[in-house]
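Let the sequences and hints guide you as you build the complete structure.
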Amino acid sequence: MNDVLGTRSWENFQDILNGAVGLAEELKPLQQFVLANLILLGETPAPTFGEERRMQLLINRFSEVGLQNVENDDKSNIFGVLHGSEGKRNIAVSAHMDTVYPDSTDHTISVQPGLVTGAGVADNSLGLAVVASLPDLLNRLNIRLKNNLILIGTARSLGRGNSEGLRSFLSNYKLPVHAGVCVEGVQLDRLSHASIGIIRGEVLVRTPEELDWNGFGNTSAILTLNEIINKITDIPLPRRPRSSIILGQVRAGAAMNKRATKARLGFEARSESAGIVREIELRLKEAVSEVASKTGDDITIDIFSTRQPGGISFGHPLVRASRDIFDALQIKPRYEPSTSDLAAFIDRGIPALTLGMTTGSNLQMDDETIDPGKIHLGLAKLLSVLMAIDGGHCEEH
Amino acid sequence: MEDIVKNIETWLKKNTYHHSDFWDLRKMVEEKERHGLTISLCIPTLNEENNIAKEVVLFRSELIDRYPLIDEIAVIDSGSEDRTLEVAAEFGADTYLASDILPHLESKRGKGENLWKAIYQLKGDIIVYVDADITNIHPRFIYGLIGPMIYRPEVGYVKAFYDRPLSDTGIVRPSGGGRVTEILTRPIFSLFYPELAAVIQPLSGEYAVRRHILHDIPFPIGYGVETSHLIDIYKKYGMEAFAQTDLDKRVHRNQPTQALGRMAFGILQTFLRRAGDHEKLLVQTELNHYLRQFQVSKGSFEQVEHFIVEDERPPMITIPEYREKFGLS
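Line by line, the protein sequences give chains A and B.
Residues 1 to 397 (the numbering used here) are what the first sequence spells out, left to right.
Residues 1 to 329 (the numbering used here) are what the second sequence spells out, left to right.
Worth double-checking, as some hints may not be accurate.
Simulated restraints on C-beta separations [unchecked claim]:
1. A:Ala-255 <-> B:Leu-12: 46 to 54 Å
2. B:Gly-79 <-> A:Glu-86: 56 to 64 Å
3. B:Pro-187 <-> A:Met-256: 49 to 57 Å
4. B:Ala-259 <-> A:Lys-332: 50 to 58 Å
No lab work stands behind these hints: they were computed from the structure.
As the structure is a computational prediction, the values presented were derived from the model and not from experiment.
We treat Cβ as the ideally placed atom computed from N, Cα and C, and that holds for glycine.
As structure tokens, then:
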């Protein structure tokens with residue numbers, strides 16, 4: 001496992017660590033490939049369930065960079081294979097294509113020294129751009145892995161998508177996947193090796209258009225929703241296993257001077273324990289039923305996304321190797337449990353990680369921002385992890 | 001009259017393209033190399049530090065490193081007060097201050113000056129000019145313009161046209177723009193050079209030109225540069241030298257009406273000079289170079305005078321340094 005020039009080796013794990021900083025330096029001038037892909041992909045809207053245009057662009061890019069067997073499936077996933085020199089095992093590298101932004105959002109990306117701004121640049125146009133750039137980067141660095149690299153742009157990852165794209169891919173792909181890496185735009189210090197249990201959903205309150213002065217219902221859907229929120233905040237949560245309920249989004253009403261007849265609450269409940277997640281779900285449903293029976297309002301709860309907790313352990317060779325690589329690059333890892341596509345790998349027992357590519361801020365706002373000056377570190381981290389997997393340094397014996 | 005209609009129809013059919021006609025960049029690179037062509041990109045700038053990085057990184061990555069269609073990216077600046085040149089250089093462009101090129105010549109300032117000096121500074125057989133303020137920049141802005149010239153040696157000048165939404169307050173409109181074109185340029189072309197009315201957006205700032213044509217024509221340094229190109233090339237080579245390519249949307253900064261008035265004033269000067277030279281009309285008076293616009297201040301109208309002279313540079317081929325640099329006897 002030496003490159004063509006004979007200067008890079010990943011037969012020995014120590015060689016990967018010794019070469020990590022040099023690799024980051026080599027990647028600095030190649031960051032432009034990632035930035036160009038970021039502009040081209042990121043300026044093409046891809047709301048969840050509406051990823052087709054971005055998918056088409058990625059098909060072209062995968063084909064242009066020489067991936068074999070480039071295909072899309074009925075879930076709008078795109079995948080292609082970079083054949084390894086031996087091709088005995090298959091390493092999947094995925095990034096979700098979809099974003100939280102509707103078509104109507106201005107997707108223009110602004111590039112300035114030290115700052116790239118635009119809707120979705122961090123979550124997850126950068127991650128996708130990295131996956132699209134991988135064949136070019138490996139080629140220019142003369143790195144040819146011995147195992148196959150399966151590159152995937154996944155659809156239907158976020159929100160109601162519930163990682164449907166990656167789950168479907170892993171269920172139906174014709175070859176076994178031996179390891180997986182999910183690529184996210186941010187954060188650079190992110191090292192996710194476990195997924196927490198999650199339920200995501202929406203509470204919808206509807207009150208009659210015509211106000212019934214004699215009824216017991218609230219005069220506004222907002223007030224009813226407020227009662228539900230009070231009940232949710234009363235749900236007891238243990239400190240261990242760690243658990244939380246996030247009330248992430250409220251939409252209600254049409255105007256300041258008009259009684260709100262509809263109110264929506266978007267929520268996510270998380271726990272390290274599957275039992276607690278089930279308990280929270282039960283309590284949420286009870287809260288909704290109780291308020292509905294008291295007010296007479298039409299209230300529904302729709303839980304559209306569920307994930308089981310799990311993952312590989314902190315001591316798994318893949319995590320251990322990744323920690324060492326972070327150390328070699330002087331990045332202090334932050335062990336953040338994943339709430340995204342990683343669960344799809346975990347559910348199938350495939351050792352996998354999520355890695356972030358750079359630092360960023362204003363996530364899921366119209367002015368999402370990343371620091372392009374650190375992408376080379378994210379790339380060096382990703383390539384080093386891939387070489388470690390390829391070299392057999394991440395397997396449990 | 002029937003001939004003109006027929007000529008325009010024939011020309012439109014034969015010489016109007018869509019950028020997707022040139023999607024196969026690998027094939028285009030092969031064809032470029034087969035003809036031994038070199039291609040330079042010139043981006044004229046003035047205070048574009050917020051926009052320039054995106055253009056440079058995209059064109060360099062896609063059209064130099066991935067598909068070697070262009071051989072150099074040069075930013076030629078009129079004297080920005082911001083960090084335009086530093087940013088462009090940081091992202092890999094060659095950067096020049098227009099006044100540093102042929103520095104012994106009397107200094108002139110204007111976009112046309114940058115375009116003219118690019119002929120001396122850049123090495124390409126074809127020079128592509130692209131403005132720096134395009135927010136939806138894409139490689140099609142280059143390959144769409146180069147395409148007709150790579151496949152058709154007789155084409156010497158390719159002009160872009162667009163559906164032009166205007167971006168001012170973040171609102172994107174499905175059509176619009178080209179106000180000076182529709183109110184001034186196309187009507188005067190229709191009166192005096194009717195075939196040129198077939199050029200859908202004669203004032204667009206994106207075009208590609210072969211060097212042998214470019215160095216043969218004079219350059220107004222201000223608003224009239226595009227108009228004069230079209231008239232001069234038409235007179236010398238006819239419509240067959242032109243092609244035009246639909247580049248879809250171009251999102252750019254909107255200009256206030258008064259700025260368009262100044263542009264129209266400059267274009268008219270250039271046009272009248274050309275039409276006079278070609279004996280299309282006789283201007284019997286010396287032109288006044290003051291444009292007066294008006295604004296309301298404290299309840300009364302105020303005159304705002306703009307002194308606009310469409311100064312011109314001579315054909316580059318007449319400059320001794322150019323002849324020497326390019327080995328022209």
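We went through each hint and held it up to the structure:
no.	hint	verdict
1	A:Ala-255 <-> B:Leu-12: 46 to 54 Å	holds, 51 Å
2	B:Gly-79 <-> A:Glu-86: 56 to 64 Å	holds, 59 Å
3	B:Pro-187 <-> A:Met-256: 49 to 57 Å	holds, 50 Å
4	B:Ala-259 <-> A:Lys-332: 50 to 58 Å	holds, 52 Å
Comparing the model with each earlier hint shows no violations; every hint is respected.
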